[in-house]
Every structure is written in C-alpha cells, then in structure tokens.
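Q: Please arrange chain C on chain E, whose structure you already have, making use of the hints.
Taken in order, these protein sequences are the chains called E and C. Read left to right, the first sequence gives residues 1 to 167 (our numbering). Read left to right, the second sequence gives residues 1001 to 1167 (our numbering).
Think of the hints as simulated: they come from the structure by calculation, not from any bench. There may be inaccurate statements among the hints.
As the list claims (entries may be wrong) - Quick list of in silico lysine-lysine cross-link-like pairs, DSS-like style, CA-CA up to 25 angstroms:
#, chain 1, residue 1, chain 2, residue 2
1, E, Lys97, C, Lys1156
2, E, Lys156, C, Lys1097
3, E, Lys122, E, Lys138
What the hints assert, rightly or not - Over the 10 angstroms line for every Cβ pair with chain C, so calculated as not near, a few chain E residues:
#, residue
4, Arg39
5, His48
6, Asn62
7, Ala124
A virtual CB, placed ideally from N, CA and C, is assigned to each residue, including glycine.
Here's the letter readout for the chains.
2 protein chains.
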Amino acid sequence: MLVTAVMVAGFVAFTLAESANTDEAAAPDVGRELPPGYRDWRLISVAHEAGNLNDLRAILGNDVAIKAYREGKLPFPDGAIIARLAWSYVPSEENNKVFGRPQSFVAGDPTNVQFMVKNSKKYASTGGWGFAQFDNGKPAQNVVQNACFACHEPAKARDFVFTRYAP
Amino acid sequence: MLVTAVMVAGFVAFTLAESANTDEAAAPDVGRELPPGYRDWRLISVAHEAGNLNDLRAILGNDVAIKAYREGKLPFPDGAIIARLAWSYVPSEENNKVFGRPQSFVAGDPTNVQFMVKNSKKYASTGGWGFAQFDNGKPAQNVVQNACFACHEPAKARDFVFTRYAP
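One chain only, chain E, in its complex shape (with noise of 0.2 angstroms):
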C-alpha cells in the first residue's frame, strides 16, 4: 500500500497515520507530518554518534515527556513524544583558534529527525511508541515501525528509550 504524505504548509497538523482502509499490519504507522513547535521544546540531553552516523544530537522532549523525564515517570503517559534532531558533525576551525588547538566540533547541516510518540493502544504491539523520521521536513519511506522498535527492545526497563535526561 502506498501511503501519500500530504504536507500541509507550515506544519500546521502532526497527525499519526491513519490508515484508511482495512490493511494496518502493512501500513507502518509512521507520523506524516512534523509535530508543530517540535524546535522550541525543551532539552532533554545530548550526544554524539560517530561511525557511519557522524552526528551531533539534541533530543527534546514535548511538555508531556519532559514532566515525566523530570519526576522519573515510568512508562511515559500516552502524548509524550520525543524528538531527536541531528546536525553533521564538524570541525571549527574558527573555535580550534581560540582554543589554540583542534578540540571543538560543532554542529553543521541538518541530517534528519526522528520522533517517538507514545499511544499505548495505538502502538500497543510495538511498546506503545510511534516511531517517525522526517528528512528535510518529509517523511522518510525507509523507516519501519518494527525495526525502529526492535534496535529500542533492550531499552525496555526504561520504557525503551534509551536516552537519559541530562540535569
């Protein structure tokens, strides 16, 4: 089944997919559109992935996410959602001069945004969590639902988000 992203300017609505007719199992829930204000939410930590990914990320959390990061809330209610953005990470040479040498690295061009969005029925057979990425502000067609979870399973005990809230 091919599922059409419709996006509306602006990022006006983040709506799961809903699938329209009866074949759900083959149609992965992912979000469809950019959840509104998703750069303005709080930070929850950082972190940096070398290898192949070569990234630096901020994770943020919606007002849902954050409370229960705050008050170590376990499973995160349903509405929470937690955005990963990422940047290419790369060298500053403007920075290593005022350090005096090559240390610093910052962030550069956007790569892509990942989202969890919880909904305990909804997502009931993958831990209750959406799973969304958004190249460019489009939802990425190579991202399946059960392999998003499946990387996530070891992180069960913590509600299978592996990222810690950083104080």
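A: For chain C alone, kept in the frame of chain E given last:
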C-alpha cells in the same frame, strides 16, 4: 573585595553583581545567581569540545536571544541571555551494543554552566556582554569578565558570539 553571593532558594532572581562600593574595577560584574528557568530555555545548538574540556554541550537562549538568532538580528538586543550547559563526554556501552560498534557518546555528569548576558551600557567595555560561570549552581570564583571577553573577541563580527543557530 570579597563579594558574598547570596543564593536564594530555588534561584528566585537573577541579578548581575552590583558593586555596593566604588571599587567597580576590582569587582568583576559576573552573575551571582542562576537565571531562573534557564534549563527550560530553547535550544540554539550543540557541540563537543575534546581535549581537556572533554564535554558535550548545549547552548540555550532566553526568548530575547532566540528571537534575535532566528531573525538574524545583530547586535543582540539588551536582555538577551545565552546559556552554555556542559556535561562530561561519556561513551555509552548500552548504545554501542545496539549499534554493534563503539560509536556512541552521551552526556554524563554536568561540568559547569556559563552565561553571556547582554547589557550594552553596563558591559560597554566588553562588547555589551556580561559573562558568568556557575559550578554546581554556585558562581565560579575563578572566572574573570575580561578573560572571558578576550576569548570572545575574535567573534566580533557576530557580536562576540561563536555559536550559530542549528536549524
């Protein structure tokens, strides 16, 4: 002159040090208290400093700073505050297992938090910026306004701010 920092419970107010005597030159105008709610500010960018610092960092901005960044407005208007949070750079064995190789670095314990506060009159001699650092929530004793500014001078063309906004 000994400046005694009065830490109000919960960091109620953020005031820059107002010298109570005439010895202004000897009393660096650094922050006495953490700006309330700075951990909730919006993200400007992320970075990694290797070397002795060996940290992962997030740069956040208050509303005035974020607005100026997004509008590309220079110099930053009075009232802008930029926060640099940093955490130790820690390999994540947990994440590495999932990725199948050692590539993942996450935020460990916090190191310190630094602020740049724009007040073009008060800090006229340092590009309009006041500089502050807090270790474990308390004002650092070893940070000198002029020393901070000296390192920031090469970024004069961007109003002495190195960090660029990460889209």
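Q: A separate judgement is required for each hint: does it hold in the structure or not?
A: Tested hints:
| no. | hint | result |
| --- | --- | --- |
| 1 | E:Lys97 to C:Lys1156 | 14 angstroms, holds |
| 2 | E:Lys156 to C:Lys1097 | 14 angstroms, holds |
| 3 | E:Lys122 to E:Lys138 | 22 angstroms, holds |
| 4 | Arg39 | 8 angstroms, violated |
| 5 | His48 | 4 angstroms, violated |
| 6 | Asn62 | 13 angstroms, holds |
| 7 | Ala124 | 23 angstroms, holds |
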